[in-house]
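From first to last, the protein sequence lines are chains A and B. Per the numbering used here, the very first residue in the first sequence carries number 716; after that it's consecutive. Per the numbering used here, the very first residue in the second sequence carries number 716; after that it's consecutive.
Watch out, some of these pointers could steer you wrong.
Which copy is meant is left open, because identical chains are indistinguishable; a pair holds if it fits in one copy or across any two.
Said to hold, decoys possible - Here are the simulated DMTMM-like cross-link-like pairs (lysine to aspartate or glutamate), alpha carbons at most 20 Å apart as the crow flies:
no., residue 1, residue 2
1, Lys1157, Asp950
2, Lys1057, Asp1121
3, Lys1043, Glu1117
4, Lys1157, Asp862
5, Lys1157, Glu1060
6, Lys1086, Glu917
7, Lys966, Glu1104
8, Lys810, Asp1121
9, Lys1115, Asp982
10, Lys1115, Glu1104
Note that these hints are calculated values from the structure, not bench results.
Residue strings, one per chain:
2 protein chains.
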Amino acid sequence: MNDPSELSASEARRLIGRGELSPTELLEACISRIEAVNPQINAIVATDLKRARREAKIAENAVLAGNALPPLHGLPIGIKDLNATKGLRTTWGSKLFENHVPTEDDALVARLRAAGGIIVGKTNTPEFGSGTATDNLVYGPTRNPFDLERTSGGSSGGAAAALATNMLPLCQGGDTGGSLRNPATWCGVVGFRSTPGLVPQENRTLNYTHFNVQGPMARSVPDIALMMTGCVGNDNRDPMANPCNPQTFLKIKPANLKNVRVAWTEDFGGVAPLDDGIRGCFKRAIGTLANTFRSLDYHNPDFSGARDCFWTLRCVNYLASHKMRYEKHRDILSKNIIANVKAGEKMSLLDVSIAETQWRKIYRDFEAFFKDIDLLIVPGNATPAFRIEDGIPREINGKKMENYMDASLIRSALTLTGHPVLALPCGYDHLGLPFGVQLVGKRHGDLELLKISMALEAILSTNPDLKRAIPNL
Amino acid sequence: MNDPSELSASEARRLIGRGELSPTELLEACISRIEAVNPQINAIVATDLKRARREAKIAENAVLAGNALPPLHGLPIGIKDLNATKGLRTTWGSKLFENHVPTEDDALVARLRAAGGIIVGKTNTPEFGSGTATDNLVYGPTRNPFDLERTSGGSSGGAAAALATNMLPLCQGGDTGGSLRNPATWCGVVGFRSTPGLVPQENRTLNYTHFNVQGPMARSVPDIALMMTGCVGNDNRDPMANPCNPQTFLKIKPANLKNVRVAWTEDFGGVAPLDDGIRGCFKRAIGTLANTFRSLDYHNPDFSGARDCFWTLRCVNYLASHKMRYEKHRDILSKNIIANVKAGEKMSLLDVSIAETQWRKIYRDFEAFFKDIDLLIVPGNATPAFRIEDGIPREINGKKMENYMDASLIRSALTLTGHPVLALPCGYDHLGLPFGVQLVGKRHGDLELLKISMALEAILSTNPDLKRAIPNL
């Protein structure tokens, strides 16, 4: 057998179930890989190896005893450092919580444990998840495994880099403006932002702002589906919770793409900034898919109001989350947080009502747009992974970006619609860095989107130019 | 047989199904009643009798032909004048739409028609639904059938008065701060605000503001359950839509109240203004329920932030809906609308973020409050129905009310939680006007709440002091 850290989560789980791979063996392989690679990458920032080893041993004994095994039984998992883990340092990437050790697990962490997952450690993130570069004053930057001078993306950048380098087979992440998608495409892995409510969030800041969605990251679509069994659930503390049977995610088979009607757009008709090099990669990828689907048409949803809408509603969230911290501790808060709070302080209730109206229009228009299609394909990133020293993508095609959100509009516009989006690796960009696409499904059509993505991943994997990029570390 | 207009909807539907009552006969009885009573009350403000008669005839033929009949087959229904009805004048109670005749039905109207309902006419409402008194510049006031000098309540006041006087067996209404509940209790009928999303709303102003919920009004709980079969559904245009099988509402049986754990409060621990006379009525009613449930305890949820929270978030909605109208037409807009828009114009995005944070806290606390109970009982109104000339309840226990929302806090606080609330008649108040209670169920526990309400209604109906009040017209 190869090094178990190289196995997919699905394959590892199969072998564990058959007693051909012990959870301990798998965990030790991951720990070895973390020890070998993490010092260069800085993806995993805190671990509880003692507990992980103890749980792996218990998992091993459960196999030997012939017990019924839960879906993630014995699989090592990384948790983003924005999620509380009992007894394991959780900092939110902030100096304010530098030495914080939670006394309870977040509900999602608890669900993943209940599904059999073994929490190995915490993955790095920008402070409070604000940024497309994973970097913070507590732990410093997470480096891109394909070019150590570049960012792994963010905010789930630690997770993406840990997966790309086989340090862990599964990682949890979260996504507001694209934080499950941007690091996935920049590190050549898969991230899945599901329909809001499917993965309930008991501690959301605002009652009905669906911007933040948590979910799985992995190296393949089948592994994403497997991890969903530990993510979905019901929780009355989340008013958007949308119960679903986790078992349904175990039965997913690839879709027949000849039944799938597809639209594609590279930049929503010029609305989202897009680097010309990425445009070229994306169009070449679309070109290779010519006879793959029932139909494949260039078609632009109307996202003309998305930038301002997202920015304003995001400010409501930022003031609710960070205003008090900003008043007391602005000396140690990141620039991104300060910029958002300051912008929000200048706005009025009328601005909010205008943004809410735009949001409604975007939702309605996008639902209508989706009436005659099953899938929308969009680039996963507006630019190649940028240099860590730049902090944000400074310009696109020579045009200066006001802040990191501008270069994220290709993803954040889709946040507004609440449709599920899967970020799928798709070869390399013009700089030789990983490139990926966003696959957008029908709202509440999460299972169908996973089936389509699975079929498409299988096709891309047969194409040397479009298959998942593997770092050479 | 009695006059068919006096039948409950459920009984009328049973007789129609058996061929013992023809839809035409029922419709004509309602029309006669409308002609006799409506001139005094002004509940029904527009009708399409020609179409209604044609549809009743078709419904009659369907019975004779032995066709399968939908759940509301042949039942006359009133639609609130805030909902578009194809070919039937729809004004939103506003001079701005005084002569508006829609070319399409609202989705809810279409669902009610598809379920077999026969739309007879439109019921009166304050302009754009803003008010606890049904009165407007297009049609004038709807009078309370128990005292013609007093209001029928609002905003679904036309619906409540039409039901109380047997003009129609079923009416649709809508509720933001209590508009299905306040007129129901003041007119001695039943109104049901379900969990947001169960009755989808394709044309909501804001994407995720669940304040407005549309639903059924009737003279009894079984009739409410019956009408729900035509209200629930799925509609992707509503991001909060929460699909449910309409058939489940046909199978509801009364709950065994000995299994039901109940909390009661008359004013959320002094947070909601409450007239002392109403307080007395409510406490007497609670007193009679002493051995009815598994438990019945005085217990206050924390709604300390509800007033400001609701007012601010409501302003976001009002600016989104009415800002342009206010700019152009403030000379013909109602005082309530103008006051809300003006208040919103003075607020900041920070105010919104504070209100959103309060909303989240209220939701979380209320969910925790409900963990150990199945039902919360609260008065349906803070005051007796007030005089039409007063426009709003001017004072409560000698304390001046700033605006009509203050006297509505007993209902609007519950709007914030998103829990289902049924307004149930409960005898007469100290002035001899109808009194009622709000029965609050678990979130998404709509079916269970209807079962509990049905059992409680049956008990109250055996008590001469607490049974539904009937107007003497």
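Hint check results:
no., hint, result
1, Lys1157 - Asp950, "between (23 Å within a copy, 13 Å between copies)"
2, Lys1057 - Asp1121, "within (17 Å within a copy, 33 Å between copies)"
3, Lys1043 - Glu1117, "neither (26 Å within a copy, 36 Å between copies)"
4, Lys1157 - Asp862, "neither (35 Å within a copy, 53 Å between copies)"
5, Lys1157 - Glu1060, "neither (36 Å within a copy, 37 Å between copies)"
6, Lys1086 - Glu917, "between (32 Å within a copy, 15 Å between copies)"
7, Lys966 - Glu1104, "neither (44 Å within a copy, 65 Å between copies)"
8, Lys810 - Asp1121, "neither (27 Å within a copy, 44 Å between copies)"
9, Lys1115 - Asp982, "within (17 Å within a copy, 57 Å between copies)"
10, Lys1115 - Glu1104, "within (17 Å within a copy, 62 Å between copies)"
Going down the numbered hints, you'll see the structure goes against 3, 4, 5, 7 and 8, while the others check out.
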